[in-house]
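Can you make the complete structure from the sequences, with help from the hints?
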Amino acid sequence: MKFDTPAGMNPIDRLTVVGKPTPRIDGPLKVSGGAPYAYEHHDVPGKPAYGYVLGAAVAKGTIRSIDTARAQRAPGVLAVVTHRNAGKLGKGKMNTAKLLAGPDVQHYHQAVAVVVAETFEQARCAAGMIDIDYARSDGAFDLVAAKAGAKEQGGSDAPTAVGDFEGAFASSPVQLDQNYTTPDQSHAMMEPMATIAAWDGDKLTVWTSNQMVNWGLKDLAATLQVPIENVRLISPYIGGGFGGKLFLRSDALMASLGARAAKRPVKVALQRPLMANNATHRPSTIQRIRLGCGKDGKIAAIGHESWSGDLEGGGLEVAVQQTKLLYAGANRMTAMRLAVLDLPEANAMRAPGEAPGLMALEIAMDEMAEKLGMDPVAFRVLNDTQVDPEKPERPFSQRNLVRCLQDGAERFGWSRRKAPGQVRDGRWLVGMGVAAAFRNNLNMKSGARVRLNGQGTVTVETDMTDIGTGTYTIMAQTAAEMLGVPLAKVVVKLGDSSFPVSAGSGGQWGANSSTAGLYAACVKLREAIVEKLGFGPGEALFEGGQVHVGNRSADIARAAKSGEIVAEDSIEFGDLGKKFQQSTFGAHFVEAAVDRYTGEARVRRMLAVCAAGRILNPTSARSQVIGAMTMGVGGALMEELAVDKRFGFFVNHDLAGYEVPVHADIPHQEVIFIDEADDKVSPMKAKGVGELGLCGVGAAVANAIYNATGVRVRDYPITLDKYLDRLGEVA
Amino acid sequence: MRPFTYERATSAQDAAAKAAAMPGARFIAGGTNLLDLMKLEIETPGHLIDVNGLGMDQIVETPEGGLRIGALVRNTDLAADRRVRKDYGVLTRALVAGASGQLRNKATTAGNLLQRTRCPYFYDVNMPCNKRKPGSGCGAIGGFSRQLGVIGTSEACIATHPSDMAVAMRVLDASVETMRPDGTTRAIPIAEFHKLPGQTPQTETALEKGELIISVALPKPTGGTHIYRKVRDRASYAFALVSVAAVIGRDGKGAVALGGVAPKPWRVEEADALLSKGAQAVSDRLFADATPREDNAFKIMLAKRTIASVIAEAKG
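Quick note, the sequences are listed as chains A and B, same order. Once you know that position 253 of the first sequence is 253 in the numbering used here, the rest is easy, because the numbers rise by one and skip nothing. Once you know that position 109 of the second sequence is 109 in the numbering used here, the rest is easy, because the numbers rise by one and skip nothing.
Keep in mind that a hint or two might mislead.
What the hints assert, rightly or not - Away from chain B, derived, C-beta distances all over 10 Å, residues of chain A:
1. R64
2. G163
3. R403
4. D425
5. G563
Unchecked claim - Okay, the calculated bits of chain B under chain A, using three or more residues with CB under 8 Å as the criterion:
6. 130-143
7. 302-310
No lab work stands behind these hints: they were computed from the structure. Values in this document were obtained by computation on a predicted structure and should not be read as measured data. By construction, the Cβ of each residue, glycine as well, lies at the ideal position given by its N, Cα and C atoms.
So this is what it looks like as structure tokens:
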């Protein structure tokens with residue numbers, strides 16, 4: 001199905017199942033241990049051996065020699081695979097660095113070997129017996145030092161300019177010109193990278209944890225240099241990914257190589273201390289924002305520049321993305337520059353671009369509002385735009401930012417906000433902050449197959465993944481709505497490369513794209529059912545397990561009495577995304593308190609108001625948003641991969657050193673969804689929400705801390721060492 | 001983790017004697033720290049002597065009016081003990097500020113005293129660390145040292161002692177009671193129990209080879225307001241940036257010990273005497289010889305401000 005004109009009325013609009021708060025259908029499996037994660041599958045042919053990955057001890061250099069003899073003789077060891085015996089390997093299209101080092105080492109903890117043994121403990125012990133002599137070479141590990149040599153990129157990453165930014169900024173009566181920094185961040189998902197690999201002759205099956213089954217499949221085949229049809233990738237349950245599992249990673253490759261060498265199925269889970277440096281991360285940014293306003297508060301000039309780093313051949317953090325679209329202003333510029341660094345591979349993490357971009361931009365907006373003497377909500381409302389400010393002929397498909405801000409302000413009690421440093425609660429200084437949330441809506445081609453059997457059971461099959469987001473449930477809701485059957489009559493099978501290729505889970509495109517693909521398959525199945533029943537032509541109504549056309553009715557199951565009916569289709573998106581800017585919007589409100597003695601900052605209340613198209617399942621959408629808000633608190637107050645600029649690695653590479661919020665950090669969270677349906681995005685009229693919830697949270701926290709203390713911090717995370725000397729004297 | 005042999009000790013003296021006789025032997029009780037270190041091959045004992053079966057899990061009153069805490073009393077049980085809560089509140093507060101409920105259920109009193117630094121360079125076997133591998137250098141000096149020590153450190157090591165419990169015990173003037181391999185016992189004042197690194201950061205305590213902690217004695221209660229303030233980046237389950245254990249009387253006199261700043265719980269008796277003069281005076285004395293690094297210099301100001309908070313709280 002091609003989606004190239006706005007959606008009219010369709011069966012989804014009945015909203016008898018879609019749009020209703022629905023507990024996740026896979027919940028009982030998850031709480032009873034019945035949902036196998038990558039490391040836990042038992043339907044593997046033969047008892048798996050255990051693989052243990054050894055990471056490189058240097059950040060950059062060459063392996064001069066590698067002696068595995070002692071490890072190979074260790075008890076229980078079945079195989080040791082290094083670059084010397086792995087065979088010829090390619091490199092996946094989505095990978096910047098190789099997944100197996102040697103002889104060159106590209107980053108710290110890049111995999112140098114996998115040891116396969118009968119038990120995990122034997123493999124781990126033997127890994128410690130591999131002797132490697134490295135020739136360490138100098139590398140670039142400091143973004144600040146590398147900034148001057150950073151280069152502009154082309155295509156969609158190229159600089160943009162509209163009007164006369166420099167002139168308009170220079171002549172603006174009120175100006176802001178500030179630098180902001182965001183740190184390297186780790187996905188730090190609960191389930192580490194994990195894979196079981198099994199070969200049957202030249203056929204390979206991997207049970208893994210991957211957000212994008214088809215990307216993983218292609219890159220695994222490309223890396224192993226085997227035909228893609230010889231590889232099957234299964235990823236039905238994923239214990240968090242946040243973008244870290246968008247790509248083939250070393251667990252899948254090393255398990256496959258280990259299994260080939262040991263002639264046994266092999267399971268590999270990356271040990272936690274490898275996760276920060278072996279896997280990808282969100283790169284740090286240095287950002288410069290310039291705003292020029294008239295005395296009336298209207299933005300005349302808006303400029304945003306960003307610097308980030310990555311390995312040679314890698315990409316930018318697109319931190320200026322939202323600034324192209326969020327606020328009005330006739331004179332604009334953006335620019336991004338990429339430095340080559342020898343730190344581990346930088347790549348996407350939840351809301352790449354907007355998450356760090358808004359951490360900076362939305363502090364800048366708060367600072368400008370103060371310079372103007374305006375309320376920060378009113379300042380944002382004043383500078384709203386209903387068209388793409390770089391291309392005013394492009395309207396937004398739907399844009400309710402103003403309502404998010406205004407409804408949120410009312411709900412949160414924003415009018416009680418005082419000037420900075422005015423509110424005390426015992427030893428706590430208390431303040432409120434706001435930030436706009438913005439994340440582009442992306443659509444991806446997505447396919448599904450749907451089957452109807454003689455019992456009236458509908459089975460959905462697609463390689464779509466559920467990364468904890470609730471995909472199983474919204475797919476079941478979609479099929480139930482389309483076919484007029486109860487939720488209990490729908491079986492959803494996901495995450496298997498033998499199923500039709502889907503959008504996968506990333507960029508908050510999964511929910512809308514994959515349900516739209518299923519919608520397309522269901523339209524085909526409806527046609528086949530009506531034809532089988534001999535009811536056509538005429539408008540069909542699927543309801544209550546029955547099919548009605550005109551005055552004729554039948555149980556849906558009857559259509560499949562003589563055999564299963566199968567339909568498959570995909571949704572492909574035309575140029576509506578070009579004609580209309582499709583984005584999601586929100587507003588975050590935060591109340592924070594800072595201990596006036598110690599500077600400890602704690603969030604007290606949070607509210608998010610989201611405008612993100614039709615909300616398919618308010619229950620799981622709310623979970624997505626509160627999870628994202630939690631991640632935003634982490635980004636604001638504690639998350640940072642600390643770089644050792646001498647040795648070139650992330651030092652705090654475990655969950656004791658890399659702090660994310662614990663329960664005690666997270667207070668009452670409230671989420672409100674504006675009732676929307678966006679007919680320009682898909683037949684589902686839905687958009688993504690999983691990343692929107694993160695966008696702007698960090699700045700809302702930062703602005704609340706400023707309002708509490710009168711102290712502005714522009715470098716994340718906002719830890720007390722950065723402002724303790726600016727809090728008032730206490731002794 | 002390297003292969004190791006394992007046995008259960010039959011008595012405290014049996015444990016001590018075996019540990020003295022076996023090269024590379026270590027005691028194991030809760031295992032909440034040792035097992036992690038073994039998995040990462042930071043510790044590679046060839047033999048483990050399990051002391052869990054030795055009793056030593058009671059808290060009893062001493063003839064002097066204090067408490068004797070068995071070495072194997074779990075952190076959870078110690079924190080919850082009615083007598084501890086009533087008379088040694090700073091100890092309960094320190095205990096519950098540490099780790100997580102699950103860890104406190106396993107971790108023992110002796111093991112808590114003996115836990116090792118969380119310095120990230122100690123934890124990464126690819127990095128130099130004089131404590132882990134004497135003579136290899138200190139990776140933390142010149143590296144990421146935000147969590148590390150500002151006083152009592154040396155050019156060989158700037159690690160901090162991670163315990164909360166020990167900081168409270170230091171302010172309470174506890175003593176560590178041990179049994180040597182020959183069956184003799186001794187009491188080591190907590191002030192002398194942990195060693196400063198000097199040129200031998202691998203030597204962390206006054207314990208001799210094989211010597212086993214059997215209990216910790218608390219002196220008679222002194223009254224006063226008991227406070228434990230632990231400052232950290234997140235609200236729970238994190239090691240202290242700075243912590244302050246304080247016992248302060250109605251007259252404003254008392255004692256303070258600090259965690260998160262030094263290789264041992266940091267207390268200077270001359271600083272205690274300055275409590276009535278305020279936080280600045282106390283802090284100046286506590287940190288008179290401080291050698292902060294760029295990343296952790298904030299700890300000195302943070303300590304002063306935390307002491308100020310504690311003094312204000314004690315005044316009520």
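Tell me the numbers of any earlier hints that the structure contravenes, in ascending order. No hint contradicted; all consistent.
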